[in-house]
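These protein sequence lines are chains A and B, in that order.
Following the working numbering, the residues of the first sequence are numbered contiguously, the last one being 178.
Following the working numbering, the residues of the second sequence are numbered contiguously, the last one being 352.
Simulated from the structure, these hints should not be mistaken for lab results.
It is possible that some hints are incorrect.
What the hints assert, rightly or not - In silico lysine-lysine, DSSO-like type, Cα no more than 30 Å apart, as pairs:
1. K204(B) / K228(B)
2. K2(A) / K42(B)
3. K192(B) / K21(A)
4. K149(A) / K299(B)
5. K299(B) / K350(B)
6. K2(A) / K159(A)
7. K4(B) / K21(A)
8. K2(A) / K81(A)
9. K172(A) / K21(A)
10. K299(B) / K289(B)
11. K46(B) / K160(A)
12. K43(B) / K21(A)
13. K81(A) / K102(A)
14. K149(A) / K42(B)
15. K347(B) / K2(A)
16. K159(A) / K228(B)
17. K4(B) / K43(B)
18. K102(A) / K160(A)
19. K159(A) / K350(B)
20. K160(A) / K42(B)
21. K43(B) / K160(A)
22. K274(B) / K350(B)
23. K192(B) / K228(B)
24. K347(B) / K322(B)
25. K172(A) / K4(B)
26. K159(A) / K120(A)
27. K159(A) / K322(B)
28. K274(B) / K2(A)
29. K299(B) / K228(B)
30. K274(B) / K21(A)
31. K46(B) / K160(B)
32. K347(B) / K149(A)
33. K4(B) / K159(A)
34. K274(B) / K228(B)
As the list claims (entries may be wrong) - Stretch-level coverage of chain A by chain B, calculated; a stretch enters the list once three of its residues show a Cβ under 8 Å from a Cβ in chain B:
35. 18-29
36. 33-41
37. 50-64
Stated by the list, open to error - Quick partial rundown of chain B residues pointing at chain A, CB under 7 Å, derived from the structure:
38. L6
39. Q116
40. N156
Just so you know, even glycine gets a beta-carbon here, dropped at the ideal spot from N, CA and C.
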Amino acid sequence: MKTTQILIAGFGGQGVLFAGKFLAYKAMNENKNLSWLPSYGPEMRGGTANCSVVISDMPVGSPIITTPDVLIAMNLPSLTKFVDTVAPGGKIIIDSTLIDAKVERTDVEVFYIPATQMAKDAGFATLSNMILLGKAMAACDAVSFDNLKETFETFIPAKKAGLIDMNCQALKLGYDFT
Amino acid sequence: MAEKVLMKGNEAIAEAAIRAGCRHYFGYPITPQTEIAAYMAKKMPKIGGVFLQAESEIASINMVYGAAATGMRVMTSSSSPGISLKTEGLSYIAGSDVPALVVNVQRGGPGLGGIQPSQSDYFQATKGGGHGDYRMIVLAPASVQEMASLTIKGFNLADKYRMTSMILADGTIGQMMEPISFEDAEIETYEKPWALTGHGNARKHNIVNSLYLQPDALERTNFERYEKYAAIEENEPMWEEYMMEDAEICVVAFGIASRVAKNAVVAARAEGIKVGLIRPITLWPFPTKALRKAADQCKRFISVELNMGQMIEDVRLATECKRPVSLCHRAGGMIPSPEQVLESIRKAQKGE
Chain A
1 MKTTQILIAG FGGQGVLFAG KFLAYKAMNE NKNLSWLPSY GPEMRGGTAN
51 CSVVISDMPV GSPIITTPDV LIAMNLPSLT KFVDTVAPGG KIIIDSTLID
101 AKVERTDVEV FYIPATQMAK DAGFATLSNM ILLGKAMAAC DAVSFDNLKE
151 TFETFIPAKK AGLIDMNCQA LKLGYDFT
Chain B
1 MAEKVLMKGN EAIAEAAIRA GCRHYFGYPI TPQTEIAAYM AKKMPKIGGV
51 FLQAESEIAS INMVYGAAAT GMRVMTSSSS PGISLKTEGL SYIAGSDVPA
101 LVVNVQRGGP GLGGIQPSQS DYFQATKGGG HGDYRMIVLA PASVQEMASL
151 TIKGFNLADK YRMTSMILAD GTIGQMMEPI SFEDAEIETY EKPWALTGHG
201 NARKHNIVNS LYLQPDALER TNFERYEKYA AIEENEPMWE EYMMEDAEIC
251 VVAFGIASRV AKNAVVAARA EGIKVGLIRP ITLWPFPTKA LRKAADQCKR
301 FISVELNMGQ MIEDVRLATE CKRPVSLCHR AGGMIPSPEQ VLESIRKAQK
351 GE
């Protein structure tokens, strides 16, 4: 029996909710239980957004994450806000292009990945979210790293299907990053 | 296995309503339930239905009243301050004995309050809100699946008893996504000989009205309505019991609070505390019998709510104050953490 709580946090427009959505569909396609909860409050209106995804073998209890197992931090305010909430032994994925700070905690595993720079270099500047998510998928085994294209196809409308390949590449860049 | 789709709670309500045969939606936007209206705006024109954004909440509930009088399945949705505006119409709908579905995706109050999730409209939903002696069937979903299934159930019960069913949800369940299936939904249909459908001189005309100037006639409608309410209290309570078999402490929570409470119950069981959860699914009729039975077995009750303590009064009434009932709560859009609920379970264990 296993439950993974994943919190994705950043500025509005960085694709926080989209990354969470992909993860949610991936889990659903693997017949896992899951919940996806966006922030919709004043913090979203003020610029920062976050998204809580719980993936479990059992029915999901609370969809509200108080101690994430995995934190993806896409900006400094998000890292500052959530770093101390991460469960001991948890993983923190940090966009090191945008965040200079280092995590001082020693009871968590931290991955610094220059996702924004990598996305620019690869020619898809807006996909740093998927690079970070790819790294998160490598760092925890909440879902498997296969059938990426099929997963996108379950929720991306046909007129945007042209973007799927790039998203898969971005996930792979992050997944392979060491 | 039934095919699953991933949906927001608000969207699940809208899709379920359409599947239940609702073709008339009247609303006015307000966070955090606007996805219901947005979904209806997109879908209704394609299936020959009506989506109308009214000039106000008061106009929209009166449109619901009018459409309901014709026997159509009709709904509106709003969030707390908007529901307050609709309560006049809810009273008229009750006084006229027409069926309708009303959704309240609650946010913090009172007043304009905030936009974060809350359960502080429990009193308003279960004790009236509008004027006069009346009840609404109040259904409290705790998952996106139940947002769908209780919407369909709500339409069925509304038609069966000719009254309003209210879905009392909150911002969290409205905004969250979970995989759901629509395949098990049972859609019931009822004859509506009372409906204003045009009589073509073939029958006596029907009247839908809530005005009775003769007090004895008005009293009669009240007594008849309360016979109906008594039947509902007997036949329709719904609840879930979780780990109650050997429980000595009983947590009572509905909606999103019950999800948090479930985590706490699991954690407390891991510490060896014999605790269970009763989750009312219908808030009216309240699952009184389940609570009364639990009072024979459990030494303490804890009511977990996203308000200042409203359902706790019904827990005390149902258990006839035989056992102490404590309150574990947050308000104003805040949500108790599983740790907070766990702490209150530990305290109950110690008899505090």
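Taking the hints in turn, this is what the structure says about them:
| no. | hint | result |
| --- | --- | --- |
| 1 | K204(B) / K228(B) | holds (25 Å) |
| 2 | K2(A) / K42(B) | violated (39 Å) |
| 3 | K192(B) / K21(A) | violated (43 Å) |
| 4 | K149(A) / K299(B) | violated (54 Å) |
| 5 | K299(B) / K350(B) | holds (11 Å) |
| 6 | K2(A) / K159(A) | violated (37 Å) |
| 7 | K4(B) / K21(A) | holds (15 Å) |
| 8 | K2(A) / K81(A) | holds (26 Å) |
| 9 | K172(A) / K21(A) | holds (17 Å) |
| 10 | K299(B) / K289(B) | holds (17 Å) |
| 11 | K46(B) / K160(A) | holds (23 Å) |
| 12 | K43(B) / K21(A) | holds (23 Å) |
| 13 | K81(A) / K102(A) | holds (14 Å) |
| 14 | K149(A) / K42(B) | holds (28 Å) |
| 15 | K347(B) / K2(A) | holds (29 Å) |
| 16 | K159(A) / K228(B) | violated (53 Å) |
| 17 | K4(B) / K43(B) | holds (20 Å) |
| 18 | K102(A) / K160(A) | violated (37 Å) |
| 19 | K159(A) / K350(B) | violated (61 Å) |
| 20 | K160(A) / K42(B) | holds (20 Å) |
| 21 | K43(B) / K160(A) | holds (21 Å) |
| 22 | K274(B) / K350(B) | holds (12 Å) |
| 23 | K192(B) / K228(B) | holds (17 Å) |
| 24 | K347(B) / K322(B) | holds (19 Å) |
| 25 | K172(A) / K4(B) | holds (27 Å) |
| 26 | K159(A) / K120(A) | holds (24 Å) |
| 27 | K159(A) / K322(B) | violated (63 Å) |
| 28 | K274(B) / K2(A) | holds (23 Å) |
| 29 | K299(B) / K228(B) | violated (34 Å) |
| 30 | K274(B) / K21(A) | violated (37 Å) |
| 31 | K46(B) / K160(B) | holds (28 Å) |
| 32 | K347(B) / K149(A) | violated (50 Å) |
| 33 | K4(B) / K159(A) | holds (23 Å) |
| 34 | K274(B) / K228(B) | violated (39 Å) |
| 35 | 18-29 | holds (count 4) |
| 36 | 33-41 | holds (count 8) |
| 37 | 50-64 | holds (count 5) |
| 38 | L6 | holds (5 Å) |
| 39 | Q116 | holds (5 Å) |
| 40 | N156 | violated (25 Å) |
Checked against the numbered hints above, the structure violates hints 2, 3, 4, 6, 16, 18, 19, 27, 29, 30, 32, 34 and 40; every other hint is satisfied.
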